[in-house]
Amino acid sequence: MVQSSVKPSDILNQANPDRLHRIRHTCSHVMAMAVQKLFPDAKVTIGPATDNGFFYDFDRQEAFTPQDLKKIEKEMKKIIKANLPVIREEIDREAIRTEITKLNEPYKLELLDAIPEDAVITRYFLGEPGKDKNVWWDLCSGPHLERTGEIDPDSFELESIAGAYWRGNENNAMLQRIYGIAWENAEQLEAYKHQIEEAKRRDHRRIGKDLQLFSIQEEAGGGLVFWHPRGALMRKTIEDFWKEIHLQGGYELVTTPHIANLELWKTSGHNDFYRDSMFDTMEVEEQTYQLKPMNCPFHILIYKDGLHSYRELPIRYAELGTVYRYERSGTMHGLMRVRGFTQDDAHIFCTEDQISQEILGVLNLAEQLLSTFGFANYEVNLSTRPDKYVGEDAIWEKATSALQNALDRKGWHYKVDEGGGAFYGPKIDIKIEDAIGRKWQCSTIQVDFNLPDRFDLEYVAEDGLRKRPIMIHRALFGSLERFFGILVENYAGDFPLWLAPLQVRLIGVSDEQMPYLTEVEQKMKAAGLRVQLDRSGERMAKQIRKAELEKIPVMAIAGNKEVESHSLSIRTRQQGELGVIPVSELIDKLLHGIQTKGWL
RNA sequence: GCCGAUGUAGCACAGCGGUAGUGCAGCCGAUUCGUAAUCGGCAGGUCAGGGGUUCAAAUCCCCUCAUCGGCUCCA
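Numbering-wise (our numbering), the first sequence opens with residue 549 and increments by one.
Read the hints as simulated data drawn from the structure, not as lab findings. Quick caveat, the model's predicted, so the values are computed rather than measured. Positions of the beta carbon are idealized from the N, C-alpha and C atoms, including for glycine. One thing to keep in mind: the hints can contain errors.
[What the hints assert, rightly or not] Taking lysine to any residue pairs in the SDA-like style, the calculated list, with each CA pair at most 25 angstroms apart, reads:
id, residue 1, residue 2
1, Lys622, Trp790
2, Lys625, Ala667
3, Lys1071, Tyr1039
4, Lys625, Asn733
5, Lys987, Gly882
6, Lys979, Glu732
[Stated by the list, open to error] Restraint ranges, calculated between C-beta atoms of paired labels, are given here:
id, residue 1, residue 2, range
7, Glu800, Arg957, 51 to 59 angstroms
8, Glu833, Glu746, 53 to 61 angstroms
9, Asp702, Glu766, 39 to 47 angstroms
10, Arg645, Asn912, 53 to 61 angstroms
11, Gln905, Asp702, 56 to 64 angstroms
12, Glu945, Glu1096, 53 to 61 angstroms
13, Pro934, Trp960, 17 to 25 angstroms
14, Pro1130, Glu746, 49 to 57 angstroms
15, Ala780, Ala747, 22 to 30 angstroms
16, Asp901, Pro1130, 55 to 63 angstroms
Given these sequences and hints, build the entire structure.
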């Protein structure tokens, strides 16, 4: 891929946020005006600016079509060309109520009633009443541009039509939302569209299919992942690394079942709080069983299977535990949102005094794990006690400051989300940033005061009395499936050597070199490399093309010259041709690249 | 689950009332070639599944399933 000198993200970062916001907000009004002109039966609702453009929700009997969007766009350009003034007016509540009633706009009336008593009520006109021929207004708090002509007619586009509930509540009417994108100028619009194209190019669903990594089978049901040989090999590599660093980090690996007696979920409380996300139960010999949506109760049972001394704490149980959650049919998305997935779960049982140290350990492990996959920038959030919660105030206080203390010791900047914690304890979330600047929440660390109580967990303290341990839930990848999807998109399928399912493709200039290359293949396999000789007999250029399309990191090519000198001509995806290298030297280089988790 | 769209060979797509077509991939043969596509041949589809309208359905209608874009949800 040829990189242009100016990155799209640079162009977009130059944009003025305040001006963008006004442009987008005014765009949404211009669109609503255009829509009501073309479709007088459409009722207006709300239309804010978004991160890359704007939308407006309409209530209309008939569905908008993609052709309608073209017409609306045309009408919008007319409004922009007319350069109508945007006029702000403060208005009395009752006066505007009368006007809205006259226009028969029920949603606007509802919005009006939701405005606080003491607030100043404003509306924005497009066009000057009594002067311009076309005038339209909307109840709105602004801010906006001064005139519609300030919008660059080549810097916006209408994107799509989608359903959206009135006020985001699924019990309300379904409205039709028209999305648009808008920027300051055509250059920014182009840059933005490039970024979207780039994201599409990296789509893990596309790459997963092309590279034969995984599939989701209609016959089996949605949201259930099939790992194909190449994907499964990558998964094994990831799992092996995960297990290795967890064992080094003082964790013990456990393995637990996929179903269990429903009683367990009643005890844990999941059956009450989480029922909507659980699969239906099944009857087994007059007992009710449940497919597991969580691993925690299982780890708790292992903990409870014996008496623990304070000397043993902290106890850390880790498991790549596959859980099943019922997701509504419209919500599944590739590997990112599925019904069966594998949490890289662990539960730490410790004393109150050990929380800070344990959290720090988790932060360190998270950094070690994530940075190995090239994720070096994190956005960290600390979520504190919500309105509804369990546990004593004192323990909340203690745990929250333990989390803060750990973050400070780690030296990480973080944002505090007041009241954003779970009802059972405070938590830390870590978001990673991928190669094209998108953020993904993966790691989560949660302190739990609830489950130890419900399961009556204990340890024997120094004074011989039974005490209750604290539990810390933590996942670093979050979901292995989802993390894999993120990896595919981050690398755009160009995986580093240690992850690549096939590391080397051997290619002969003609069939003459087959005996030699067969020998080389054996040697490389013996060295532990994932290598494959192309025996198709196709022309060399075709074999190279095939290997490129499969995104195999290293192509090792031999003609008669290489056979003579016991070497290979090397072509890599990352750095192009590297020239001729002796076989043994190449193997060493490859092994080194794999070991350091880098490239050749 | 809701709104809208889509579902044709392994993949990308054409056909949109008269009982399926192109390219790539696959297989067979010829070619033995120096860094992203050699040539020729063959094979491959209950047009997502089910029901209906029609003399006739991939094409029109209904239901189901899945996918896509959103909404909602993600203690």
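Each hint, compared with the structure:
1. Lys622 to Trp790: 55 angstroms, violated
2. Lys625 to Ala667: At roughly 34 angstroms apart (the allowed maximum being 25 angstroms), Ala667 and Lys625 break the hint.
3. Lys1071 to Tyr1039: Not OK: Lys1071 and Tyr1039 at ~29 angstroms, beyond 25 angstroms, violated.
4. Lys625 to Asn733: 14 angstroms, holds
5. Lys987 to Gly882: 17 angstroms, holds
6. Lys979 to Glu732: 29 angstroms, violated
7. Glu800 to Arg957: 51 to 59 angstroms: 25 angstroms, violated
8. Glu833 to Glu746: 53 to 61 angstroms: Distance hint for Glu833, Glu746 holds at roughly 55 angstroms.
9. Asp702 to Glu766: 39 to 47 angstroms: Roughly 42 angstroms apart at Cβ, these two residues keep to the hinted range, so it holds.
10. Arg645 to Asn912: 53 to 61 angstroms: Given about 60 angstroms between the Cβ atoms, the range holds.
11. Gln905 to Asp702: 56 to 64 angstroms: 58 angstroms, holds
12. Glu945 to Glu1096: 53 to 61 angstroms: At 58 angstroms between Cβs, range holds.
13. Pro934 to Trp960: 17 to 25 angstroms: Given about 23 angstroms between the Cβ atoms, the range holds.
14. Pro1130 to Glu746: 49 to 57 angstroms: Once the Cβ atoms are compared, 39 angstroms apart, the range 49 to 57 angstroms for Glu746 and Pro1130 is violated.
15. Ala780 to Ala747: 22 to 30 angstroms: 26 angstroms Cβ-Cβ, so the 22 to 30 angstroms window holds.
16. Asp901 to Pro1130: 55 to 63 angstroms: 59 angstroms, holds
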